[in-house]
Structure formats: C-alpha cells, structure tokens
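J.: Read top to bottom, the protein sequences are chains L and D.
Heads up, the first sequence is in the numbering used here, so the first residue is 24 and it goes up one at a time.
Heads up, the second sequence is in the numbering used here, so the first residue is 882 and it goes up one at a time.
Calculated directly from the structure, the hints in this document are not laboratory data.
Don't take every hint at face value.
27 angstroms max Cα-Cα, derived DSS-like pairs, lysine-lysine [what the hints assert, rightly or not]:
| no. | chain 1 | residue 1 | chain 2 | residue 2 |
| --- | --- | --- | --- | --- |
| 1 | D | 1075 | D | 889 |
| 2 | D | 889 | D | 1123 |
| 3 | D | 1123 | D | 1076 |
| 4 | D | 1123 | D | 1088 |
| 5 | D | 889 | D | 1076 |
| 6 | D | 1076 | L | 146 |
| 7 | D | 1088 | L | 146 |
| 8 | L | 146 | D | 1123 |
| 9 | D | 1076 | D | 912 |
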Amino acid sequence: MPHLDAAYNLARWLSGNEHDAADIVQDACVRAFRFAGDCRGENARAWLLTIVRNTAFSWLKKNRPRAIVPIDDHELEEFEDVNRAGDSFHGADAGVLRIALDALPLEFREALVLRELEGCSYKEIAEVAGVPVGTVMSRLARARRQLRNHFAGKGGL
Amino acid sequence: MNCADTLKLIHAYADGELDLIRSLEIEQHLKTCVQCAAERNAIQSLRAALRQGDLTHRAPESLREGVRRMARADEPEPARQDFRPAESIQLWIWRLVAAGAAAFAVLTILSRAGMSGRDALLDEAVADHVRSLQVSHLTDVASTDQHTVKPWFAGKLDFAPEVRDFAAQGFPLIGGRLDYLDGRTVAALVYQYKKHFINTFIWPSSKTIVTAPVLENDRGYSVINFDARGFHYCIVSDAEGKALNAFADLIAH
Chain L
24 MPHLDAAYNL ARWLSGNEHD AADIVQDACV RAFRFAGDCR GENARAWLLT
74 IVRNTAFSWL KKNRPRAIVP IDDHELEEFE DVNRAGDSFH GADAGVLRIA
124 LDALPLEFRE ALVLRELEGC SYKEIAEVAG VPVGTVMSRL ARARRQLRNH
174 FAGKGGL
Chain D
882 MNCADTLKLI HAYADGELDL IRSLEIEQHL KTCVQCAAER NAIQSLRAAL
932 RQGDLTHRAP ESLREGVRRM ARADEPEPAR QDFRPAESIQ LWIWRLVAAG
982 AAAFAVLTIL SRAGMSGRDA LLDEAVADHV RSLQVSHLTD VASTDQHTVK
1032 PWFAGKLDFA PEVRDFAAQG FPLIGGRLDY LDGRTVAALV YQYKKHFINT
1082 FIWPSSKTIV TAPVLENDRG YSVINFDARG FHYCIVSDAE GKALNAFADL
1132 IAH
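Work out the full structure: start from the sequences and follow the hints.
T.: See below:
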C-alpha cells in the first residue's frame, strides 16, 4: 500500500496519539478501497490524504469536539511582530518542537505537517484541506509565526 | 519590490511556489534588505529543524499488515468482476469528486455567510488574482494574439467573451485562462501594464448598458467592477488606480 506512511503521519499529527491514528487510517483505507478499489490515479497521495483528513476531522468532531477550534482565515496577518519573534531554530530540541507543533490550531498544524514533513505543494495541501491555495499560504505563514512566537515567548532556544 | 510586498509573498517564495519573475524580484529585494532576509532565514531555519527533528511518524507494522489484509479481502473475484471495471472505478471517482465538490461548496457558503455578497466577491477576485500569479498559473493559453485567445475559450465556456488587445495603449494582452468566481466558471484575460499583471474576469450579465466603473481596494490590490454589453467585468491588479481606471475605460468602450 503506497502512501501509508504519509497517511499515518497526517492522522497521527491530527489525532495526537498512535492508537487513534491507526484507527483513523484503517477507517480511511476502508473508504478508499470502497470508492476506487485501489488508490490509483494522477495524484494518489493527495487523494488518500484527503480521505484520511476527512476521516480524522469526522472522528475528532465526534470524539473530541474541543480539539476543533474554528480559525478565521480572513484575519489579516500581523507583519509587525516579525522582529519580536525568534528566528533561529538551529539545534532546536525535537521534543520541544513536537509540543509546539501540537499546540498549533488543527488547520495550521495540518498545513505545516503536509508542507514541511510530507513536502506537499500548495495545490496538494489545498486539495487535502479543501481550501483555496491563497488560504494555504496564509495558514502556513500564521503557523510559522505562531511557532516562532512560541519559542520567542520561551526566551528562544 | 518593497518590504510589504515581499513579506506578503515570502512564504510562497520560501516554499518554491512563485513563478520565476517574482522569485527573482524577491531575491533582489532580499539582497538589500536585512529584515526581510532575516524573515527568509527564519522560515528556512524552522524548516530544517522540523525535518531533522525526527517528527515524521511511520505507520506501525500492525497497521501495515491490517491494511494489507483489507486490500486482499477487497480484491474482486474474477467471476464477479464487472465487464467494464475501469469505467466503474472512474464512475466512483467522479461520484467522490462530486460529493467533495458539493461539500466544499456548502462549507464555502457557510464560511462566507457572515460576509456580504459584495465583500465576498471582492475577496474572491483578489484571491483569484493572487493565486494566478503563483506557479505558472497565470495563463492557460499564452498569446498576445486576440484571434488565438478568443477561439480558445470556445467550447470551454457557455459564452464568448470579448477579447481585444490594447498593446497600443500600453496594456498588451498576455493570454487567458478559465477561473472560478461568483459561483461560476468565468473567462480570465491577462493583460500587462508596465511590470504589473492585470486579471480581467468576464462573465455574462443581464445589463446591456455600460454601468459606472466602481473602484475598490482590498489588501493593496485595486478592483474595478462594471457591466458593458451584456458582460460583467471584474478587473484586479496591483497597478495604480489611475492606470487601472484608464484600462477599464478601454474595455468599456
């Protein structure tokens, strides 16, 4: 099964633990098989990730409604606090990064995981998250800003 | 390119999502601006930390085995196989796509419910414009010849937009593409004015008279809306308002 690691990684970051992530991926694969028999197609990875994402969000809505905090994509970014934020992550501890990433709103975490860990293009992320490409760009910008503020708030690294 | 423009696009730049010209413009600016360069370095530093940080989870063997079993169980028996399996798979993919599109449409409507229709259109037009400037998305048919661009739209749209070149007036036609705006497929003509691109979105309107162009600003972009000869025109650009008004005048008459 190709892309299973990518599917699991996304589910793991969205659900926050191994057990639920495995359940979500299993569930998503049932749907994937049911819909197309196999994950073929032009962009099978994005297609499978979309199913995983939707399965994860339904699961969270049902089992952990408080994890879903609506974000305002129309909110303009604040460029002013650029200078206050930390700008070097050199030697950052993986454990600290993991906690910071887990603290991000779901949609920001999703965009960042797909971009930085899976190497997805904006177009693929847009497809998976079901939002326009412009929204992907602003979510990534805000996700990165929040991570930097997280570290700056802790006095850097 | 100034700091404000650079900071707006710096994430798309760092993610390799900008077209060549814009990337070069940003690189030029980064050479001379310490603050913007620091912003780029921060993005890259964060990326390196995330990728080296062992943050990617691999599927456990139990899950791998479970999915493998599922795949085997799901393989259709030869006797049961449909006579046109490829088509039935395609049908399912299309159903899935349709369901996804419907769900997306509902979500979009819900999320836009708090916005007035006018603001939503403005917002959408600017978003389309920004998107069109990313990754060679600007034109589907690149041609400065109106006789090439116009037939390209035939069969792709249920209307025939007016395609004219205004190179003599300083607004050469660059090409066209299809886009999605105000809940329908629209024609997008791309013109250039000096170093700025102008997106002109066109779709049918019930008004046959020329209505007064309305100039609005949104996130640093100018947007002009008006109707003329049975079409609605929505013009978006980061070119100065005065030039854009002159351009709208050319289209309207």
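J.: Which of the listed hints are broken here?
T.: Checked against the structure, the hints that fail are numbers 7, 8, while the rest are satisfied.
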